[in-house]
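Q: So the protein sequences, as listed, match chains A and B.
In case it helps, the working numbering puts the first sequence at residues 1 to 193.
In case it helps, the working numbering puts the second sequence at residues 1 to 72.
What the hints contain is simulated information worked out from the structure, not anything from laboratory work.
There is no bait here: all hints are sound.
Coverage of chain A stretches by chain B, computed from C-beta distances (three or more under 8 Å per stretch; other residues unrestricted): (1) 78-91; (2) 96-109.
Mimicking SDA-like on lysine to any residue, the simulated pairs with C-alpha atoms at most 25 Å apart in a straight line are: (3) 28(B) to 57(A); (4) 28(B) to 21(A); (5) 28(B) to 75(A); (6) 28(B) to 24(A); (7) 4(A) to 179(A); (8) 28(B) to 109(A); (9) 28(B) to 93(A).
From the three backbone atoms N, C-alpha and C, an ideal C-beta is built for every residue, glycine too.
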Amino acid sequence: MFEKFTKAARTAVISAVEEAERRDDPEVTPDHLLRALARDRQGLAGRLIGKAGVTPAELTPGAEGEAGDAAARAGLTGEEIDALRSVGIDADEIVRRVEGSFGEGALAEAPPSPRRGRRFFGQHKPFTKGAKRALENTLREAKALRHNYLGTEHILLALLSPHVDCAGTEVLIRHGLTYEEARRRMLEELLSA
Amino acid sequence: MTERQVLAEAASTRDPRTGLRAVVALRKLVERLEALHVRNARDQGWSWQAIADELGVTRQAVHQKHARKKRQ
Chain A
1 MFEKFTKAAR
11 TAVISAVEEA
21 ERRDDPEVTP
31 DHLLRALARD
41 RQGLAGRLIG
51 KAGVTPAELT
61 PGAEGEAGDA
71 AARAGLTGEE
81 IDALRSVGID
91 ADEIVRRVEG
101 SFGEGALAEA
111 PPSPRRGRRF
121 FGQHKPFTKG
131 AKRALENTLR
141 EAKALRHNYL
151 GTEHILLALL
161 SPHVDCAGTE
171 VLIRHGLTYE
181 EARRRMLEEL
191 LSA
Chain B
1 MTERQVLAEA
11 ASTRDPRTGL
21 RAVVALRKLV
31 ERLEALHVRN
41 ARDQGWSWQA
51 IADELGVTRQ
61 AVHQKHARKK
71 RQ
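Work out the full structure, taking the sequences as your base and the hints as a guide.
A: Here it is, written out as structure tokens:
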């Protein structure tokens, strides 16, 4: 099945695994997948999420968390964060923007570099049941549309469907990107392409 | 004093400790930003020379600083 994934879809899955590794989360969850989709603004899923006005940061737990949380992920101490603020620099904002493009923990010390040519089923964090179901349902979504490839848009639909528990999709739905709406907009994009 | 007043005072303070601490923190942030963006440039196929040109340093300097830290 995985050979049918487009390059962008594979990259998204790998990016999800990498975020789980960077944050030292025990498993790869549907939310890791969703954030990976949101980070890729070239992919169809990322474009749909972006057009709905949702940023990757909004999908990140603790994004609106305590002041200094983001800066702490870049290794800054509370004193350092205060010192920067005193000269007019919001370290949190800087780190959040960087993480919006490169993923949470991007400024953590010596984050693992993306492994090129990494095997899809290599040694990595395990997927939760939900994440596995999302990837399986990706195939179902593509089949239902009679698509012979698995793209980021099919992963997005799988995550939005009621069969998968993904907290971040609530943010998407609040922004009007429901399962039905995502499906409609996606077909529109594909037809106009 | 409100937090804002405290901050305003800190910004205008002549206390060397605060100022120096800000410099250290800024340097730390810059180093990490540099490492991230150099890695990103390399992943996108940029040459060391092109990266060095953008950073305004020599190719040797940027290579020495970042090449070893690449993937094992």
